[in-house]
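Chains as they are written, first to last, in the numbering used here: chain A, 1 to 369; chain B, 1 to 269.
These aren't lab readings, by the way, just hints derived from the structure by calculation.
Using N, Cα and C, we set each Cβ at its ideal position, and we do this for glycine too.
Where hints are given, some of them may not hold.
[Said to hold, decoys possible] Label-pair restraints from in silico Cβ distances:
(1) B:Pro42 x A:Phe168: 38 to 46 Å
(2) B:Leu14 x A:Ala261: 25 to 33 Å
(3) B:Asn89 x A:Val118: 31 to 39 Å
(4) A:Arg71 x B:Ala24: 53 to 61 Å
(5) B:Arg85 x A:Arg97: 28 to 36 Å
(6) B:Thr260 x A:Pro199: 46 to 54 Å
(7) B:Leu14 x A:Arg160: 40 to 48 Å
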Amino acid sequence: MLRSEQSDAALPASDLTGCDNAVTRNASLQPVNGSSFQCNMDGLPGIRDVSSLEREGSLPRLSAGGDTGDRAYTVLTTAFAAFIPLLLIAIATELSRAAWPALHEFGFGFLTSSEWDVPAGKFGAAPAIFGTIVSSFIALLIATPLALGVAVFLSEFAPRWLQQPVAFLVDLLAAIPSVVYGLWGIFVLIPLLREDIIPFLRDTLHLGATRFFSGPAYGPSMLAAGIVLAIMALPYISAVSREVLRAVPRSQRDAALALGATRWEVIRDAVIPNARSGIIGGVMLGLGRALGETMAVTMVIGNRPEISASLLAPGYTMASLIANEFSEATSDIHLSALMAVGAVLFLITIVVNGIARWLVWTVADKADA
Amino acid sequence: MVALTYGAAALATLPLIFILVHIARAAVGSLNLALFVSMPAPVGNAGGGMANAIVGTLILICIAAVIGVPVGIGAGLYLAEHRRRPLANSVRFLSDVLNGLPSIVLGIFAWQLLVRPAGHFSAVAGGIALAVMVMPLVTRTTEEMILLVPNALREAALALGYQRWRTSLAVVLRTAMPGIVTGALVAIARIAGETAPLLFTAFGNQFWSTSLNRPIAALPLQIFNYAVSPYDDWHSLAWAGALVLIGIVFVISLAARFATRSRFGAAVD
């Protein structure tokens with residue numbers, strides 16, 4: 001409950017708004033304690049309406065004078081709120097301004113050309129765009145079934161004592177810094193890929209004959225990036241899926257059970273179809289993370305601007321291209337080309353995240369209704 | 001099929017355990033006092049520490065918190081008090097968009113805005129890039145926490161003649177404070193290990209520097225540089241650094257949990 005010394009402690013903050021008369025005017029109210037706040041209110045239900053109407057601005061204010069503080073407060077919070085859209089506008093304009101020279105010079109070819117030749121001053125971002133999409137796709141291919149399995153396990157099957165620890169461990173995956181994933185990728189995953197996984201895929205599963213697993217395998221590769229990204233995207237997908245599975249109304253499950261469905265059929269036919277768009281939203285959020293992930297990918301993908309069908313060949317992503325070359329860029333056009341890559345990445349992630357939010361919100365709305 | 005979901009859960013927790021165990025094993029050799037108090041040693045010299053990087057990371061976290069948290073709280077107050085205004089709806093949506101932006105994009109934005117005109121890298125530029133990541137997270141938790149405060153408290157304060165701004169700051173915000181502190185700490189834990197926004201802003205520094213206007217060392221940057229270097233000494237330092245970084249993130253996360261359970265905890269419910 002509210003105690004009077006808490007109100008006292010808040011006074012210095014109010015001094016910041018520079019409203020002296022308000023402070024002195026209200027000083028006599030200080031000693032009132034929390035419990036009597038409550039008692040008085042219960043007897044006056046009508047106040048609720050007045051205060052909320054007043055807050056919406058549809059009633060004239062009751063307290064005349066001394067509203068400098070209120071005005072300053074409103075201006076200040078509105079300014080802070082408006083800061084976020086302004087920031088995004090600033091990011092968009094600064095990026096496009098910096099990217100303009102390159103986009104102007106190379107036109108649409110910037111997106112389709114695969115020639116990234118710094119000394120010659122030729123810049124085509126296609127390999128990086130290709131690498132970003134392919135590595136994120138591999139990540140989703142691995143992470144989605146796993147995350148969905150975890151979410152179903154946690155929301156439907158897990159014994160109570162297991163729920164919290166497993167959810168905690170999976171969420172903890174999101175807390176590990178990406179540079180640590182990169183470190184692990186360089187020294188653990190890549191040797192493992194080179195010595196065990198790739199020979200297994202090629203010789204035991206006979207995938208070496210396909211285009212996707214052909215060519216020399218050094219270790220740093222699109223596949224390595226995809227695996228690291230899968231681990232990093234997994235907690236996001238599973239967290240959202242868990243939420244939307246829980247949001248499916250109890251009655252849906254009961255109805256399916258009443259019709260004689262087994263526990264598995266309930267999930268397949270009643271729960272997952274209801275949560276589908278939310279799950280897709282979660283996958284898109286994971287995709288948004290994977291597309292923009294920089295450090296871990298830079299450390300394991302091999303950083304070679306070429307398009308190759310083989311997943312074992314090194315590649316490049318937009319984020320790792322920027323991370324690698326930005327501080328070494330000396331010519332203006334090189335810098336501008338890297339900014340243009342950043343602008344493309346910015347656009348792609350905004351679209352992906354926008355769709356994801358929209359899908360998750362539609363499920364949340366349905367659950368509310 | 002049920003067994004399959006058990007398998008998925010087991011498989012999903014395996015990487016975490018692998019990574020943590022490996023870090024602990026690889027770092028234990030170089031984890032000593034020197035790591036925390038001495039400066040990086042030149043290649044070939046054994047030993048050396050990451051004192052400058054640890055201090056640098058703490059400074060960067062402080063800058064990000066000092067700039068990002070107040071803006072987030074202010075914006076969150078606005079969202080909670082003007083729920084249906086058009087500005088509130090767009091701020092809510094755009095803070096989600098901002099939250100989803102790749103950190104490297106924020107890095108080049110901060111470079112373009114702060115480093116390029118100034119002509120040199122600086123700790124402040126790095127801190128501001130991180131602050132941009134803190135803001136949307138704090139905004140959304142502040143809004144959610146303030147909406148949990150019972151309306152009766154607000155009305156009681158108004159009925160006693162408190163003005164709206166004092167009601168908001170002294171009653172509503174204070175009641176929601178533990179939740180907001182938790183949200184802020186979670187946000188800070190998330191940015192503590194960020195590397196990409198610092199590459200072209202804080203830049204890293206081999207020497208001792210606490211100046212806000214100069215390049216500053218940071219633990220994630222140091223780990224990255226050591227990891228991609230060809231020297232074994234540096235590799236083991238990178239593992240030790242990773243353990244310290246995870247330790248910092250873990251301590252902040254623990255503090256976040258502790259904040260919710262502290263003396264104000266009951267007031268939120």
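Could you check the hint for me, namely that B:Arg85 and A:Arg97 are 28 to 36 Å apart, CB to CB? holds, 31 Å
Supplied distance hint 46 to 54 Å, evaluated on CB atoms of B:Thr260 and A:Pro199: Roughly 49 Å apart at Cβ, these two residues keep to the hinted range, so it holds.
How does the Cβ-Cβ distance of A:Arg71 and B:Ala24 compare with 53 to 61 Å: does it lie in that range? Holds, at about 56 Å.
Is the gap between the beta carbons of B:Pro42 and A:Phe168 within 38 to 46 Å? Roughly 42 Å apart at Cβ, these two residues keep to the hinted range, so it holds.
Please check whether B:Asn89 and A:Val118 have a Cβ separation lying inside 31 to 39 Å. This hint is violated: roughly 44 Å between Cβ atoms.
Between B:Leu14 and A:Arg160, does the C-beta distance stay in 40 to 48 Å? Since the Cβ atoms of B:Leu14 and A:Arg160 sit about 22 Å apart, the hinted range of 40 to 48 Å is violated.
Check the following: the C-beta atoms of B:Leu14 and A:Ala261 are separated by a distance inside 25 to 33 Å. Holds - the Cβ-Cβ distance for B:Leu14 and A:Ala261, about 32 Å, lies within 25 to 33 Å.
Violated hints for the displayed structure, listed by number in ascending order: 3 and 7.
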